[in-house]
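Sequence order for the protein chains is A and B. With this note's numbering applied, the first sequence corresponds to residues 1 to 261, in that order. With this note's numbering applied, the second sequence corresponds to residues 1001 to 1306, in that order.
The hints are simulated quantities; they were obtained by calculation from the structure and are not laboratory data. The model shown is predicted, which means the values in this text are computed figures rather than measured ones. Hints may be right or wrong, so weigh each one.
DSBU-like cross-link-like pairs, simulated, lysine-lysine; straight-line CA separation at most 35 Å [as the list claims (entries may be wrong)]:
1) B:Lys1127 with B:Lys1137
2) B:Lys1119 with A:Lys93
3) B:Lys1270 with A:Lys93
4) B:Lys1134 with A:Lys93
5) B:Lys1119 with B:Lys1137
6) B:Lys1134 with B:Lys1119
7) B:Lys1270 with B:Lys1238
8) A:Lys93 with B:Lys1126
9) A:Lys93 with B:Lys1127
10) B:Lys1126 with B:Lys1137
Per label pair, the in silico range of CB-to-CB distance [unchecked claim]:
11) A:Leu38 with B:Gln1290: 56 to 66 Å
12) A:Arg252 with B:Asn1035: 24 to 34 Å
13) B:Lys1127 with A:Leu31: 16 to 26 Å
14) B:Asn1067 with A:Leu127: 54 to 64 Å
15) B:Thr1130 with A:Leu49: 27 to 37 Å
16) B:Lys1119 with A:Ala13: 23 to 33 Å
Every residue gets a Cβ at the ideal spot worked out from N, C-alpha and C, and that includes glycine.
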Amino acid sequence: MNANFPFPAARVAPNLAHAWGGIWRLTFRRLLLPSHWLTLGIGIAVLTLMFIGGVHGGGPERFLEWASSFYVAFLVPALAFMGAGGVMRDEMKSGNVDYVLTRPVPRPAFVGFKFLAHLICTQIDFLVAFGLVMAFGITRHVPDLPATALKLLGGQMLMITGFSAFGFLCGTITSRYVVIGLAYAGIIEVGIGQIPTQISRLSMTHQVRGVLSPLWDRNVELATVPGWPMTIAMLILFSVVMLGAAAGVFTRRELSGPADS
Amino acid sequence: MVQAENLSRFYGMILGLNNVSFTIRPGITGVVGPNGAGKTTFFRLLLGQIQPSSGDLTVFGERPWNNPAVQARLAYCPESEVMPAGLRPLEWLTGLGMISGLSARDADTRARAALNRVKLLPEHWKKRVTAYSKGMKQRVKLAQCLLHEPQLIILDEPMNGLDPMGREDIAVILRSLAENGVSVLISSHILHDLEALCADFILLRWGRIPRSLNEAASTEARARWPEATTFRCDAPEKLARFLFERDLLRGCDVAPETGTLHARWRDPEKFFGAYHQLLLESGVRIFEVQDTASFLEKAIDPTLHT
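Using the sequences plus the hints, can you model the full thing?
Structure below.
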């Protein structure tokens, strides 16, 4: 700020720690909405139907393949992506722009805080779904369920983090973020992820599916399976890059159009 | 406080603001113009949510685009009634106060004080803001502007949906803020309220600030005699003849069924200088005399200049 600034300073100085608290409060409250619980209830009912359809009559290995490949590596990232993209679109609507983004929070900090608050809420939501998946596991007599659950939970948390960050980026770029998500899924996750070389590591779901594959695939060569540290590092790197790009785009973005004028 | 030089903002081929220059001083300034005149573009430029296409804009001596140092000193009350779902006013205001930099305790204290100041009764604090009536929403929207003691408050149609008492409540708050050195920028379609409230005006039309309109709403113009006057009397034709004979009228409309004469003055000062005497001489019983249009109405409606 200019030392010769002729206007009095702000009566309340901006404070990033307090700003984080405010963004967290406004985000967390959404978890308490009846409509949120209704959506969660419907989601759990659908998940139950998916379990019945996917694992019907199968043993523990069938369940673990379903839990790793379908639930953790497909359903969780897809829902995390859609939820995060929707959150960013909501943040750019007048109800939030006019009240939140007219306040003194640097835009990159806002994206970071919003991501963190949304991530915590999403992880809490998916814990409920994960509990249900583990209950399914009990019915399939999965051996050493606590250790298995820990690995599946780790995979779930990584997927939520990575694909929420990706959803933030796509939601910041366009209202048709689902189209970008589908293109990404088709090219990277389904296309490149299936190529049996090192390049398949660009696929985040492939990373997680690989690290979970020993749970259900007895024929997998353990030497070819990526380790947890590498998988965690890749997912965190992916998340940071996506979030950084989202912050960059959001900072340069104007928050209204001619329709408002 | 705010200074703009040759400021323009276009959205591709669509005009937002076109080469406007203005200065906003402390006090209450009204922003007037028909829909699509560029008011919201004007506000969004001040808020730093959009960038100028050309020209220069400074708020508190700094460019407002994406500038937290400026945002810390201003507050915005939007016209839109979209509010976050599921939040009660105290929760919402506390969160917003914290985003402005207040601690949780301070934000809660100030949120309560702000809700009391806008006269939103505590029994309504338990309802969610989305369930509020239009008038209650306006009060909460104003309350969220007061949390961090801003030095510039921008209000877009804050009187919409308020009854006369509500409008008076808001006016009292705005006057008190202005007395304490806060600049208030307010747009409203309720022109009489603006006239009563504002010391200065910015009149917008098609993205421009036409000099003629702003001169028509200037302090000097407001001190001048009205250009037209409506009389309700027992013999409007007789009064019209009387005034025409004395070469006072430029034109008039007579409505015998309602007993009104709408007089457009050739030289208003000549009539108002001898107002009482002339009306006594006319021999007509006068029931009501009123300025036909408010100066803001006249300023933004060119047909009223004729």
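Review point. Any hints this thing doesn't respect? Which numbers, in order?
Key: Violated hints (numbers, rising): 3 and 14; every other hint is consistent with the structure.
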